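Undergrad: Those protein sequences? They're chains A and B, same order as listed. Going by numbering that gives the first Met the number 0, 49 is the number at position 50 of the first sequence; the sequence numbering is gapless. Going by numbering that gives the first Met the number 0, 101 is the number at position 102 of the second sequence; the sequence numbering is gapless.
Read the hints as simulated data drawn from the structure, not as lab findings. Mixed in with the good hints, there may be bad ones.
Chain B is faced by these chain A residues, among others (derived, beta-carbon under 8 angstroms) [unchecked claim]:
no.	residue
1	D5
2	A48
3	A50
4	G51
5	L63
6	V139
7	L141
8	G148
Remember, predicted model here, so these are calculated numbers, not experimental data. Heads up, the beta-carbon is just placed ideally off N, CA and C, and yes, glycines get one too.
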Amino acid sequence: MIDLDDTDRAILRALQQDGDLSAGALARRVGLSQPATWRRIRRLEEAGAVAGRRLVLDPAALGLGVTVFLGIKLAARGRVSLEDFERAIAAIPEVQEVDHVLGLYDYRLRVVARDLADFERVLRRRIMTLPGVGQIESNVLLSEERRPGPL
Amino acid sequence: MLDDIDRRLLRQLQSDPTLPITALAARARVSGQMAARRLERMRAAGILSGSRAVIGWRALGYEVEVSLRVTLDKTQRSAFDDFIAAAREVPEVVEIQTFLGRVDLRLSVIARDLGHYQQIWRSRILTLPHIADIEALMRVASVKNDPALPI
Chain A
0 MIDLDDTDRA
10 ILRALQQDGD
20 LSAGALARRV
30 GLSQPATWRR
40 IRRLEEAGAV
50 AGRRLVLDPA
60 ALGLGVTVFL
70 GIKLAARGRV
80 SLEDFERAIA
90 AIPEVQEVDH
100 VLGLYDYRLR
110 VVARDLADFE
120 RVLRRRIMTL
130 PGVGQIESNV
140 LLSEERRPGP
150 L
Chain B
0 MLDDIDRRLL
10 RQLQSDPTLP
20 ITALAARARV
30 SGQMAARRLE
40 RMRAAGILSG
50 SRAVIGWRAL
60 GYEVEVSLRV
70 TLDKTQRSAF
80 DDFIAAAREV
90 PEVVEIQTFL
100 GRVDLRLSVI
110 ARDLGHYQQI
120 WRSRILTLPH
130 IADIEALMRV
140 ASVKNDPALP
150 I
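Extracted from the complex, chain A is given alone in its bound form:
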C-alpha cells in the first residue's frame, strides 16, 4: 500500500479529470518542478495508484445507444464449472464488466449494445445459452456519473 501526501492527491485528482495532462501542465498546477512532478507520476503508476488510463468515448455517437446492468443467479450450483462460465461470459465483446459478487446474485454484468433489440440478441443468444445460468435481472442505464472518490 502506498502512502499519499496532499500533492499526490492533487496529481491523482487532476489526472482523473484529464489523463492527457502533460507533466509540465500538471507541475504548474501543483507547484512543483516538471522533473519532480514526472517522478511522482511514475511512482504513483508503479505503485498501482494509477491503475491505467481509459479513453473517454461517447458510446451513443458510436452507435452504442444502450447499456444494461445484469444480475445473474446461477442455477444448479455445484454442477457447473465457475471457471467455464467466467471464461465464456468474459469472451463476449459486448460484456464490459463482470464481477463475482455475494448477495442476491452471483454475478454482476455491464453490457453495451446498439439498441434494445441488439441487447435482446446478446442476452438470448450469448448469455442465456451459457450453461448454469438461472435467474437474470436487467436494468437499463439512464444516467451515470463517476465521482472522484476519497482522495
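Based on these hints, arrange chain B on the given structure of chain A.
TA: Same frame as chain A, now just chain B:
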C-alpha cells in the same frame, strides 16, 4: 459517420490511450497526418474527449467494494434529486447510476475493510433520503473490467 480508419484508430487508442500519435498511426496503418486529422474530427464531433486516469483503489488500501441497489420512495417528487445530491457528498461513493427497471439507482461504494464499510453503511448510506429498499452486492472478484467498446 465513422469509417474503417476511424474505427482502427479508436480500437488502438482504446487499448492504449497514452500512445503517441506516430505509434498510433503506424498501428492503424495510416500516415501521421491522416491520424491527426481524423482524431481532430472525432474530437470536434464529441465522439472522443480525451482520457482519464483510473485510480487503483486497492493500491491505496481500499479492499472492499460494494454495489448498492437502491429503490426510492417515488411518492416524493424530488426523491431522485435529493438522493443523488446527498450521495455526492459521500466521498466513498465512486459511481452513481440511474436505471429503468426494478432498481432505481446503483451506488458503487469503496471502503478500507469491513469495519470501515459498516461505519459508512450506518452513518452515511442508511441516512440518505427517500430510500424505500436497498440491497448490497459485495464484490468477491473482478472477472472482467474492460472499458473498451466493441467498435
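Undergrad: Quick one: which hint numbers does this structure break? Sort them smallest to largest.
TA: 1
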